[in-house]
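Chemist: Going down the list, the sequences are from chains A and B. Heads up: take any position in the first sequence, counting from 1, add 12, and you land on the numbering used here. Heads up: take any position in the second sequence, counting from 1, add 843, and you land on the numbering used here.
One thing to keep in mind: the hints can contain errors.
[As the list claims (entries may be wrong)] Listing some non-contacts, in silico: residues in chain A with all C-beta distances to chain B over 12 Å:
#1 Ser26
#2 Thr35
#3 Gln47
#4 Asp53
#5 Arg85
#6 Gly91
#7 Thr99
#8 Gly100
#9 Lys102
#10 Arg103
#11 Ile126
#12 Leu137
[Stated by the list, open to error] To give an idea of the interface, some chain A residues facing chain B are shown, with a C-beta separation under 7 Å as derived from the structure:
#13 Glu28
#14 Val29
#15 Val32
#16 Val119
#17 Lys122
#18 Pro123
[As the list claims (entries may be wrong)] Now the stretches of chain B that chain A is said to cover, found in silico as 3 or more residues with beta-carbon under 8 Å:
#19 852 to 861
#20 877 to 890
#21 907 to 916
#22 948 to 960
To be clear, the hints were calculated from the coordinates, so they are not data collected in a lab. For glycine and all other residues, C-beta sits at the position ideal for the given N, C-alpha and C.
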Amino acid sequence: MPTTQRHILAINDSDEVLGVFRTLLGEEGYRVTTQRYLLKDMEAIRADPPDLIILDYMWAGDDAGWSMLQMLRMDRTTGKTPIVLCTGAKREIEELGDHLTQQNVRVVLKPFDIDELLAVITMALGGEE
Amino acid sequence: MTEGTGEMKVRQVLLISAEPVPSVVARVLAAAGFAVASSPLAAGVGEAARESRPDIVVLVYSSEQRHRAWNVLTILRGARALRALPVVVVTNDAGKTHAFTDAFARLGITVLIGPDDVALVSGVAAALEP
């Protein structure tokens, strides 16, 4: 029985980093779409809802990343979608403790280890089933 | 060391920096016997790393360039073809970068905070050791 191809949306401010996600996750069999987060194109996201979102959040004070996270959580289409937050805000994320987990947001520190990122994605998607 | 010839292999360094070329870091490494190719701290570093096939990447950034530097590191560690490439980070951004020292070490990334010439050369040489 064919397996449904899972759709991952990667949101970042760098085309080159988005290319990394596209290549890496495409090789793992995921369908990958990308968006520059300054666009905040929720219409496009609603039109093609992802199974998981990888969102870049660079540092504390990164208003674009934080506001995108809030928009995703407040939208009916993506409110429950697993999110993997790729971030360099190590200390700030630690202070948030369980809050992000309760929001179904997992954290991977940037720069990430490929195997760690893939494992987190697998767990996040497995939690849906 | 190339067997049979007694010649020392010249190690290739890809220097990624926002500084104008030639930079102080490039001069110090070249004087120490490294072959240095430079790439700006901008888009295209992944392609530069794949095409130049360096033995090591040295990434130089200041605290103002941290965001771009982290994107470079994400590219170097997120691409399967580049993930094993040794990386040395040279920066004055002690606070934020120091918090990542352990995480970087697990990723094969060496951190040098404000190194002098000797520390720079020895840090790069050490990172090249298997």
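Chemist: Hint by hint, note whether the structure agrees.
Modeler: We went through each hint and held it up to the structure:
1. Ser26: Label violated. Min Cβ-Cβ 5 Å, cutoff 12 Å.
2. Thr35: violated (7 Å)
3. Gln47: holds (16 Å)
4. Asp53: holds (21 Å)
5. Arg85: Arginine 85 of chain A is indeed farther than 12 Å from all Cβ atoms of chain B, at 24 Å.
6. Gly91: Holds: least Cβ distance 27 Å, greater than 12 Å.
7. Thr99: Non-interface label fails for threonine 99 of chain A: nearest chain B Cβ at 10 Å, not farther than 12 Å.
8. Gly100: The claim breaks: glycine 100 of chain A does not keep its Cβ more than 12 Å from every Cβ of chain B (closest is about 5 Å).
9. Lys102: Label violated. Min Cβ-Cβ 5 Å, cutoff 12 Å.
10. Arg103: violated (7 Å)
11. Ile126: violated (6 Å)
12. Leu137: Check passes; 19 Å lies beyond 12 Å.
13. Glu28: holds (5 Å)
14. Val29: holds (5 Å)
15. Val32: OK, holds: valine 32 of chain A within 7 Å of chain B, min 4 Å.
16. Val119: violated (12 Å)
17. Lys122: holds (5 Å)
18. Pro123: This interface hint holds because 4 Å falls under the 7 Å limit.
19. 852 to 861: Violated, because only 0 residues of the segment 852 to 861 of chain B bring their Cβ atoms closer than 8 Å to Cβ atoms of chain A.
20. 877 to 890: It holds, with 4 qualifying residues against the three required.
21. 907 to 916: holds (count 5)
22. 948 to 960: Since 3 is at least three, the answer is holds.
Of the numbered hints given earlier, the model fails hints 1, 2, 7, 8, 9, 10, 11, 16, 19; all others are met.
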